[in-house]
Amino acid sequence: WISVDSKPMKQALFTLLSKWTFAYTNHLLKDLLEKTTEMAQFVQYSNSRMKSFADEEEKIPIPEIMRVITDVRKTSSRTEEMFGPWQATITLLQGYGVDVPTSCVQ
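So for the sequence shown, this note's numbering puts the first residue at 1345; every next one is plus one.
These are calculated hints, taken from the structure and not from any lab test.
Everything numeric in this text was worked out from a predicted model, so none of it was measured.
Glycine included, every Cβ here is placed at the ideal spot set by N, Cα and C.
Treat the hints loosely; a few may be bogus.
Claimed, not checked - Have a look at the derived ranges for each label pair, beta carbon to beta carbon: (1) E1408 <-> Q1450: 27 to 33 Å; (2) F1427 <-> S1347: 52 to 58 Å; (3) V1348 <-> N1370: 32 to 38 Å; (4) S1421 <-> G1441: 47 to 53 Å.
Said to hold, decoys possible - Cut-off 27 Å, straight-line C-alpha distance, at most; resulting in silico cross-link-like pairs (BS3-like, lysine-lysine): (5) K1374 <-> K1363; (6) K1351 <-> K1363; (7) K1379 <-> K1418; (8) K1379 <-> K1363; (9) K1379 <-> K1354.
With these hints in hand, go ahead and build the complete structure from the sequences.
Given below as structure tokens:
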């Protein structure tokens, strides 16, 4: 029988697997951060627009208010669908020891 040392092959396979794991978790974290930032910016924009309408003493522009409310409704339904996968992504990343910023977890 022939004896083959498989340690170098195992080490190379482990290194390759580690690189792919890092690349995948890095991609997931980057995507999560982008979505979180995008949502925070939208919330901040919507809040500032609604506050500006409340601060106006003259006629309130109803079409603009309705536009903001419509945007919030559209975004709301889309973000509600995201929360399940979002939480699963956070759990997966934390399982691999990736530090997920608290801004994403909240």
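The hints, checked one at a time:
1. Between E1408 and Q1450 the CB atoms are about 30 Å apart, so this pair conforms to the stated range of 27 to 33 Å.
2. For F1427 and S1347, the Cβ-Cβ distance of about 54 Å falls inside the hinted range of 52 to 58 Å, so the restraint holds.
3. Restraint check, V1348 to N1370: a C-beta distance of roughly 35 Å satisfies the suggested window 32 to 38 Å.
4. For the pair S1421 and G1441, the supplied restraint of 47 to 53 Å is violated, since their beta-carbon distance comes to about 34 Å.
5. Of the pairs offered as hints, the one joining K1374 and K1363 holds, with about 16 Å between alpha carbons and a cut-off of 27 Å not exceeded.
6. This hinted pair checks out: K1351 and K1363 have alpha carbons roughly 18 Å apart, not beyond 27 Å.
7. As the CA atoms of K1379 and K1418 are separated by approximately 16 Å, the hinted pair is consistent with the 27 Å bound.
8. Distance restraint check for K1379 and K1363: the Cα-Cα separation of roughly 24 Å lies within the 27 Å cut-off, and the hinted pair is therefore satisfied.
9. Restraint check for K1379 and K1354: not satisfied, since their Cα atoms lie roughly 37 Å apart, outside the 27 Å limit.
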